[in-house]
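> The chain contents come next:
Number of protein chains: 2
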Amino acid sequence: MSIRVIEQVRAMQAWADKVRREGKRIGLVPTMGCLHEGHLSLIRLARKRTDVVVVSIFVNPTQFGPTEDFEKYPRTFDRDQELVEQAGGEIIFAPGVEEMYPPGFDTSVTVARLTKGLCGASRPGHFRGVTTVVTKLLCAAKPHVAVFGQKDFQQAAVIRRMVRDLNLDVEIVTAPIVREADGLAMSSRNAYLSPKERRDARVLFQSLEKGEKMVRDGEREASEIIAAMKTEIEAKPAARIDYVAVVDAETLEPVTHLKGRALVALAVWIGKTRLIDNVVLEEK
Amino acid sequence: MSIRVIEQVRAMQAWADKVRREGKRIGLVPTMGCLHEGHLSLIRLARKRTDVVVVSIFVNPTQFGPTEDFEKYPRTFDRDQELVEQAGGEIIFAPGVEEMYPPGFDTSVTVARLTKGLCGASRPGHFRGVTTVVTKLLCAAKPHVAVFGQKDFQQAAVIRRMVRDLNLDVEIVTAPIVREADGLAMSSRNAYLSPKERRDARVLFQSLEKGEKMVRDGEREASEIIAAMKTEIEAKPAARIDYVAVVDAETLEPVTHLKGRALVALAVWIGKTRLIDNVVLEEK
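From first to last, the protein sequence lines stand for chains H and Z. Start counting the first sequence at 795; every next residue gets the next number (the numbering used here). Start counting the second sequence at 795; every next residue gets the next number (the numbering used here).
Hints are computed from structural coordinates only; laboratory data are not their basis. By construction, the Cβ of each residue, glycine as well, lies at the ideal position given by its N, Cα and C atoms.
Okay, the calculated bits of chain H under chain Z, using three or more residues with CB under 8 Å as the criterion:
| # | segment |
| --- | --- |
| 1 | 889-901 |
| 2 | 904-912 |
| 3 | 953-961 |
Straight line, CA to CA, 30 Å or less: simulated DSBU-like cross-link-like pairs of lysine-lysine:
| # | chain 1 | residue 1 | chain 2 | residue 2 |
| --- | --- | --- | --- | --- |
| 4 | H | Lys812 | Z | Lys818 |
| 5 | Z | Lys1024 | Z | Lys1004 |
| 6 | H | Lys818 | Z | Lys812 |
| 7 | Z | Lys1024 | Z | Lys910 |
| 8 | Z | Lys1030 | Z | Lys1004 |
| 9 | H | Lys818 | Z | Lys818 |
| 10 | H | Lys842 | Z | Lys812 |
| 11 | Z | Lys910 | H | Lys910 |
A few chain Z residues that don't get close to chain H, going by computed Cβ distances all over 10 Å:
| # | residue |
| --- | --- |
| 12 | Met826 |
| 13 | Arg841 |
| 14 | Lys842 |
| 15 | Phe858 |
| 16 | Gly859 |
| 17 | Asp863 |
| 18 | Gln875 |
| 19 | Arg917 |
| 20 | Val939 |
| 21 | Thr968 |
| 22 | Arg973 |
| 23 | Phe999 |
| 24 | Lys1004 |
| 25 | Glu1018 |
| 26 | Asp1036 |
| 27 | His1051 |
Turn these sequences into a full structure, and let the hints steer you where they fit.
Right, here's the structure in full:
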């Protein structure tokens, strides 16, 4: 059976209503396409938790800043279709920009405090674009479960808060980061890297490992951990730090002295490509 | 059969899921309680269009400004229950403030341009409170149809836009203004008026009738209509004008020369009570 592509919101809702009436559970994996093994792990997880999986593919213009890479963001629709099918997806929801943002579009969904720091500080308006489009995707596909990757840790936290706050009746599930053999977190944006940059990009994960080891060895001062990670990153010529942060994994507020569940998160420019990664540290 | 009161979002959603699986259509009438004949007309209309009607009763703190009447807003729950039952409602959804806004609440829904003028200009943050709570109520009660009164014309327009923009799968229906014998639009806030103020409050409808008559007699300049209406209102000692406006009924943008479907809308303080009213003029 070949995968079905739905491009209209109304048709997506009609499909979801029908499936729900049949008593089946719907999973949704929202993506911007250019699928890699990370996305496929989300689709497989959704498939385990539900009966039918919708993968949305929509490069959402409103979550890109004016100087960001919306135009050049990689589009690989034919290949994506094959991968979704292989991973067990049943429907691709691929609306056009006009379908999602018709003339007169005037509404936004905002999560305030959780989007103040980390990527929210570097990318003004980004999370408003994300929360608005995810609300729309949830209302279109009407899933019981939606799956997001932990690489975008702040995004997952923000969406979880939004879903709770707006009473959206969907369970948000997160799945672990999938990494290349050398530790680099999988990302559609890795395709932008030159061979030299690709090698330097390993420093994101290496610095996280360094931070993790420091904590294992007893370090508890966030400033010490951040300083050591920054030194490691700055040694790479192609790397420019956006942020390195240690925050509470629930509130995303900076912590000075580690306790409880902390997130070490970073964003680093490798040449013209901005990459992110993170690790969660559990206090034993 | 006595009416059922549901206070928890989860219980409301479970009820809605069950009713939907039975193939029944759900109607929702969102209110702040203190029900009057206007609300009852909405419930009856919802009942005509659907199989089971939920009336939500929630005095939403976030749509009141800091100097507004949240604390003293009339609460008449026992009487409301009887009235809902008589009008054909089946469920009252009456969540507490903590249920709707749990600790850490951080999300808002905003409609931008449509909320700039009219009541949006006089009541900063009001419509953000309304759109956020209505999204929550729609996600809790999962109605097929939600009914709003035309007295809050801008509110209905804003909600219609929000529902379209967010892909909320619900039909928004509006119902005509219900008036007292002397023309005063029904409102829970009419209860605030002293006998003297109650008499002066008739000027809202009287001035709208004057504007309507001017248009019927050929007047097309909005400034002329507004000036005549203001003169009429200002003749009442207890009245203080918030706004008198002539706007396009779709965009809610001011019009200078009447054509197409126009809205004449006003907000007037009668003593310490702010009342609103409007009339839609259709160009023949």
